[in-house]
Amino acid sequence: MKWTHTLKDFKHFLKIERGLSENTIVNYSHDIEKLIRFVEENNSNHTPLSIDEATVQQFIYEIAKVLNARSQTRIISGLKSFFTYLVFEDYRKDNPMEMIEAPKIGRKLPDTLALQDIEKLIAAIDLSTAEGHRNKAIIETLYGCGLRVSELVNLKLSDLFFDEGFIRVTGKGDKQRFVPIGSITQKYINMYIKESRPFVKEVPEFSDTVFLNRRGKQLTRVMIFTIIKRLAEKTGLKKKISPHTFRHSFATHLLENGADLRAIQLMLGHESITTTEIYMHVDRKHLAEIMQRYHPRT
Numbered sequence: 001m002k003w004t005h006t007l008k009d010f011k012h013f014l015k016i017e018r019g020l021s022e023n024t025i026v027n028y029s030h031d032i033e034k035l036i037r038f039v040e041e042n043n044s045n046h047t048p049l050s051i052d053e054a055t056v057q058q059f060i061y062e063i064a065k066v067l068n069a070r071s072q073t074r075i076i077s078g079l080k081s082f083f084t085y086l087v088f089e090d091y092r093k094d095n096p097m098e099m100i101e102a103p104k105i106g107r108k109l110p111d112t113l114a115l116q117d118i119e120k121l122i123a124a125i126d127l128s129t130a131e132g133h134r135n136k137a138i139i140e141t142l143y144g145c146g147l148r149v150s151e152l153v154n155l156k157l158s159d160l161f162f163d164e165g166f167i168r169v170t171g172k173g174d175k176q177r178f179v180p181i182g183s184i185t186q187k188y189i190n191m192y193i194k195e196s197r198p199f200v201k202e203v204p205e206f207s208d209t210v211f212l213n214r215r216g217k218q219l220t221r222v223m224i225f226t227i228i229k230r231l232a233e234k235t236g237l238k239k240k241i242s243p244h245t246f247r248h249s250f251a252t253h254l255l256e257n258g259a260d261l262r263a264i265q266l267m268l269g270h271e272s273i274t275t276t277e278i279y280m281h282v283d284r285k286h287l288a289e290i291m292q293r294y295h296p297r298t
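Heads up: the sequence shown begins at 1 in full-length UniProt numbering, then just goes up one per residue.
Derived from the structure by calculation, the hints contain no laboratory data. Glycine included, each C-beta is placed from N, C-alpha and C at the ideal position. There could be a bad hint or two in this list.
Straight-line alpha carbon distances no greater than 25 Å define the calculated DSS-like cross-link-like pairs of lysine-lysine that follow [unchecked claim]:
id : residue 1 : residue 2
1  : K201      : K187
2  : K2        : K34
3  : K229      : K240
4  : K187      : K120
5  : K8        : K34
6  : K194      : K239
7  : K120      : K229
8  : K194      : K156
So the derived label-pair ranges between C-beta atoms look like this [unchecked claim]:
id : residue 1 : residue 2 : range
9  : F88       : R168      : 26 to 36 Å
10 : V203      : R70       : 14 to 24 Å
11 : S77       : N42       : 17 to 27 Å
12 : R293      : S207      : 46 to 56 Å
13 : K238      : L261      : 43 to 53 Å
14 : P204      : H30       : 25 to 35 Å
15 : F162      : R230      : 27 to 37 Å
Using the sequences plus the hints, can you model the full thing?
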């Protein structure tokens, strides 16, 4: 059984059986491809069915020389899923990852921005161009709705229900949710759609996509990262930020202002409340103030 054929079947399993997003499947595939390259570079004849624990251990030892603990953990997780799939499908009787443990990593707290920093970034956008109005709407949407970058670039005109005060978002695993959208965010999206978007060359395939590039095509994730990086440089912001920083800021600011954690979970599209609970660790001072204000024994 060849690696390429097995990897193709595994990707199909992740998409159809487990309903994972395209980005997650790509990440899993890259992890397995690293193992394949290691096997080939070491002139090994191992196939997915014959590779043993010692070879996998050697591969992990090699990646540990160049990758941090978090990256190692992600790769080990991907490999465990791959070999668990092979056992599940009766291709293998044993799992070479069974005794391999991932390195212990601490819980990484999300980076956030103060409201003043977000306003400074938005104010730095050049509104003399069509791209400027688009970029302002993009930042307002990332922060105003707490979207993932993939959710932002895939947002459709048909997903906007402004009269009802919601947008429909397609998240991980193609799961859909409705997220409230405030009047300010609506205002800047409407301005972009009515005043700037009509001047973009129409490409039928992307006629329903909200945010387009100059050629009328859907923006890439990389382009969103670039827009934010340039804004950070323009304002002299020292923090390393990304589209996810606005998502984290959205959740943190809601929590700081008294929002219910369950409501934040639903808006972010987290499968488990445990994922959302990381925001409880961001501002301990705020939690202490909540305790003082609301607990009957204080």
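Results of checking the hints against the structure:
1. K201 to K187: holds, 23 Å
2. K2 to K34: Satisfied, since the Cα-Cα distance of roughly 15 Å is no more than 25 Å.
3. K229 to K240: holds, 8 Å
4. K187 to K120: holds, 19 Å
5. K8 to K34: holds, 15 Å
6. K194 to K239: violated, 34 Å
7. K120 to K229: holds, 14 Å
8. K194 to K156: holds, 15 Å
9. F88 to R168: 26 to 36 Å: holds, 34 Å
10. V203 to R70: 14 to 24 Å: violated, 38 Å
11. S77 to N42: 17 to 27 Å: holds, 23 Å
12. R293 to S207: 46 to 56 Å: holds, 51 Å
13. K238 to L261: 43 to 53 Å: violated, 30 Å
14. P204 to H30: 25 to 35 Å: Taking Cβ atoms as reference, P204 and H30 lie about 32 Å apart, which means the hint holds.
15. F162 to R230: 27 to 37 Å: Holds, since F162 and R230 (Cβ atoms, about 29 Å apart) stay within the stated range.
Comparing the model with each earlier hint shows violations of hints 6, 10 and 13; every other hint is respected.
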